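Here UniProt numbering is used: the first residue of the sequence shown is 1, the next is one more, and so on.
Some hints could be false.
Taking lysine-lysine and the DSSO-like style, the derived pairs with C-alpha atoms no more than 27 Å apart in a straight line are [what the hints assert, rightly or not]: (1) K338 to K280; (2) K338 to K362; (3) K2 to K118; (4) K145 to K278; (5) K184 to K338; (6) K2 to K145; (7) K184 to K362; (8) K207 to K224; (9) K106 to K118.
Pairwise CB distance ranges (calculated) [as the list claims (entries may be wrong)]: (10) K2 to R79: 16 to 24 Å; (11) D150 to P233: 45 to 53 Å; (12) N154 to T322: 40 to 48 Å; (13) R79 to N188: 48 to 56 Å; (14) S287 to T322: 27 to 35 Å.
Don't read these hints as lab results, they were simulated from the structure. Keep in mind it's a predicted model, so treat the numbers as computed, not measured. Glycine is no exception: its CB is placed at the ideal position from the N, C-alpha and C atoms.
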Amino acid sequence: MKLLDRIIQYITGIIFIISGAVKLNDPAGTAIKLHEYFDVFSSDISPIFEHFIPFSLFFSILLSSLEILLGLALLIGWRKRLTRGLLAAMIIFFGFLTFYSAYYNKVTDCGCFGDAIKFTPWESFTKDVLLGVFVFYLIARNGVKDYFTDAGRNLMMALCMAACAVIAYMAIEHLPFVDFRPFKVGVNIPEAMQPSAPFIYSYTMEKDGQQVTLKEYPTDTTYKFVSMKLENPEAQPTILDFSIWNDDGDFTGYALQGAKLFIISNNITLADLAAFEKIKHLTDAVSEQVEPMLLTSSTTEQVAPVREQYQLNSPIYFGDDTVLKTIIRANPGIVLVKDGTILGKWHYNDCPDPQTILSLIKE
1 MKLLDRIIQY ITGIIFIISG AVKLNDPAGT AIKLHEYFDV FSSDISPIFE
51 HFIPFSLFFS ILLSSLEILL GLALLIGWRK RLTRGLLAAM IIFFGFLTFY
101 SAYYNKVTDC GCFGDAIKFT PWESFTKDVL LGVFVFYLIA RNGVKDYFTD
151 AGRNLMMALC MAACAVIAYM AIEHLPFVDF RPFKVGVNIP EAMQPSAPFI
201 YSYTMEKDGQ QVTLKEYPTD TTYKFVSMKL ENPEAQPTIL DFSIWNDDGD
251 FTGYALQGAK LFIISNNITL ADLAAFEKIK HLTDAVSEQV EPMLLTSSTT
301 EQVAPVREQY QLNSPIYFGD DTVLKTIIRA NPGIVLVKDG TILGKWHYND
351 CPDPQTILSL IKE
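Let the hints inform the model, and build the full structure from the sequences given.
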């Protein structure tokens, strides 16, 4: 049994560390997911959850860091009773979130492993149930072995806490260390908007009170259609909703032709406006070789004063708020695209020099 205890201890600890690390890699993305939960709960459960929405980023960092710290604490046996109690509380909390998502079909992606691994709501809930079994097994068995000395464990926990703070700060003030989203550098957007293979469907039909599943839609009109299922969902495009427009029409195709420098501010009212000073110098220096495009989900009335104040030499284009936040976790952010391929992405704190932009489009 001791071997089983060790295996469950290691598996549970490692899963918590991986789950927290993936989310802490992109705290802004985790905050978006928590915002969705708070918004749903405020309308379905209690308006009090509205007060949590402004603190979504704080809770994102707190919960992600806590997952990592508790995972490490479990692996090394730091304060075993406290660790197991907090793990039980956390798995009950996450279990409630994932069950609510699955049962009521409210938040269809829990973000359990950020954008790195996608789970359906029921898959997420099943994962939490399994982890819950592991955690409560360890509680019942008192089966956590400790390693190192007390001083060594305390030092490791302190260093881990400091590392979490640094990682969160760097990911927020710059960009995520690893980009798991569909708009990462190197992706060709037009290609990613196409299915990787022809779709294959199966059809559930009813005839004479019996349901059958067919690989092709029947020509026999006595069959009654019940439902259809996509058998190869992995063939779906990784980018589904990229679209650019303004009052003159759709500019999606135009945005993916030639060299473009996307200046993205999904919500101009929340942007760091001082960053537009550096962006203005950059766009002026490269505009003959690269066309700047200011992309936003804000209204023209909101964007026009900023564009005029900083004399940005780009017309205003619009995109979906969620898509723009998915493209880059910065407001404003800078994205270099050539013939639809993403060549570079920069946080406004890391505004590139003109030579970097020009050298990338010549490669």
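A quick look at each hint next to the structure:
no. : hint                     : verdict
1   : K338 to K280             : 20 Å, holds
2   : K338 to K362             : 10 Å, holds
3   : K2 to K118               : 33 Å, violated
4   : K145 to K278             : 54 Å, violated
5   : K184 to K338             : 14 Å, holds
6   : K2 to K145               : 9 Å, holds
7   : K184 to K362             : 20 Å, holds
8   : K207 to K224             : 6 Å, holds
9   : K106 to K118             : 16 Å, holds
10  : K2 to R79: 16 to 24 Å    : 21 Å, holds
11  : D150 to P233: 45 to 53 Å : 50 Å, holds
12  : N154 to T322: 40 to 48 Å : 42 Å, holds
13  : R79 to N188: 48 to 56 Å  : 50 Å, holds
14  : S287 to T322: 27 to 35 Å : 29 Å, holds
In terms of the numbered hints stated before, the structure departs from hints 3, 4, listed from lowest to highest.
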